[in-house]
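Chemist: Sequence:
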Amino acid sequence: MDNNSMTYLWRPAYLPVLIFILMMVSFCSPALGDRIETSISIKTTPDAPPEGCSFTVTGTLTDSTGSPLGNKRVNLESSPDGDQAYPFERIGTGATDRDGRFEFFRGNNTPAEFIRVSYLGNAQYLGSTSEIIPVHDADTAGAKPHSSRTSGSLLLTGSPDNSVVLLDGEVRGVTPLSLSGIESGPHIIEIGKPGYQNQTIEVFVDSGRTTTFSFSLPPAGADMRYAGMKSE
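Everything in the sequence shown is counted per the working numbering, starting at 2 for the first residue and increasing by one.
Derived from the structure by calculation, the hints contain no laboratory data. Wrong hints could be hidden among the right ones.
[Claimed, not checked] FRET-style restraints, in silico, Cβ to Cβ:
#1 Pro69 - Thr213: 15 to 25 Å
#2 Ser217 - Asn72: 27 to 37 Å
#3 Ile202 - Arg91: 19 to 29 Å
#4 Pro220 - Gln125: 43 to 53 Å
#5 Glu104 - Gly53: 30 to 40 Å
#6 Ser65 - Gly209: 39 to 49 Å
#7 Ala96 - Glu38: 32 to 42 Å
#8 Gly53 - Pro220: 16 to 26 Å
#9 Thr94 - Thr141: 44 to 54 Å
#10 Glu171 - Pro195: 16 to 26 Å
#11 Asn199 - Asp140: 34 to 44 Å
#12 Thr158 - Cys54: 31 to 41 Å
#13 Pro177 - Gly222: 41 to 51 Å
Fair warning: this is a prediction, and the values are worked out from it, not measured in the lab. We put the beta carbon where it would ideally sit given N, CA and C, even for glycine.
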């Protein structure tokens with residue numbers, strides 16, 4: 002019997018082994034796709050800051066084994082009443098350090114509110130949300146209507162991109178920027194970027210509406226007549 006005949010006779014013997022390997026790979030593949038659970042701790046310093054007191058929000062992001070998760074984006078979120086039936090407003094974004102720790106700062110002129118920190122997750126880790134903490138006497142200030150009923154939104158676009166936006170003295174992000182849950186009434190917007198002249202303007206936010214502002218920051222030293230901000 003030649004080698005070709007021997008090869009032909011041995012091929013059927015390998016078939017059950019191949020089928021078994023394929024079944025095992027198919028069975029195990031969903032497990033390989035499972036994402037790892039995470040958890041977030043949260044605290045304020047000072048503890049339970051009273052109205053008119055600035056404070057920091059700190060905590061740690063860990064996986065299900067308690068190992069810290071570094072270089073992960075986390076969001077600081079706020080609600081006027083802590084009602085989880087309504088969306089919390091994102092008021093800050095940061096990243097964890099190599100030990101999974103994060104830190105946010107809130108000024109003394111921020112309102113009574115309920116805050117939490119969230120992590121959206123990724124392909125490897127599930128998202129998670131911290132416990133909710135009342136600050137500035139929010140838990141003793143009485144029930145408040147949710148912000149969606151007494152607030153509006155702001156949309157800021159213009160030139161140059163990545164200009165820093167302050168709303169009532171608090172840094173809220175860079176342009177283009179959309180902000181929701183803004184209390185209806187007058188507010189002060191400041192927009193600036195290195196190499197350009199800052200702009201400050203008072204805006205009025207209508208309840209249930211989105212107010213759009215477009216701006217143009219003049220280069221440093223330019224005539225302010227070439228600057229502009231338009232409300233829609």
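Chemist: Hint by hint, note whether the structure agrees.
Modeler: For each hint, the structure was consulted:
The hinted range of 15 to 25 Å is not satisfied by Pro69 and Thr213, whose Cβ atoms lie roughly 41 Å apart. Ser217 and Asn72 have their C-beta atoms about 36 Å apart, which keeps the hinted 27 to 37 Å range intact. Distance hint for Ile202 and Arg91: a CB-CB separation of about 23 Å, consistent with the stated range 19 to 29 Å. One distance hint, 43 to 53 Å for the beta-carbon pair Pro220 and Gln125, holds here, with the actual separation near 44 Å.
Roughly 21 Å separates the CB atoms of Glu104 and Gly53, a value that falls outside the hinted 30 to 40 Å. Separation of Ser65 from Gly209 is about 42 Å and conforms to the stated range, judged on CB atoms against 39 to 49 Å. Evaluation of the 32 to 42 Å hint for Ala96 and Glu38 yields a failure: the beta carbon distance comes to about 20 Å. Distance hint check: the CB atoms of Gly53 and Pro220 are about 39 Å apart, inconsistent with the given range 16 to 26 Å.
Taken as a hint, the range 44 to 54 Å is violated for the pair Thr94 and Thr141, whose Cβ atoms sit roughly 29 Å apart. Judged by the Cβ atoms, the range 16 to 26 Å given for Glu171 and Pro195 holds: they are separated by roughly 20 Å. The hinted range of 34 to 44 Å is satisfied by Asn199 and Asp140, whose Cβ atoms lie roughly 37 Å apart. Distance hint for Thr158 and Cys54: a CB-CB separation of about 35 Å, consistent with the stated range 31 to 41 Å.
For Pro177 and Gly222, the Cβ-Cβ distance of about 26 Å falls outside the hinted range of 41 to 51 Å, so the restraint is violated.
Going through the hint list in order, the structure does not satisfy hints 1, 5, 7, 8, 9, 13.
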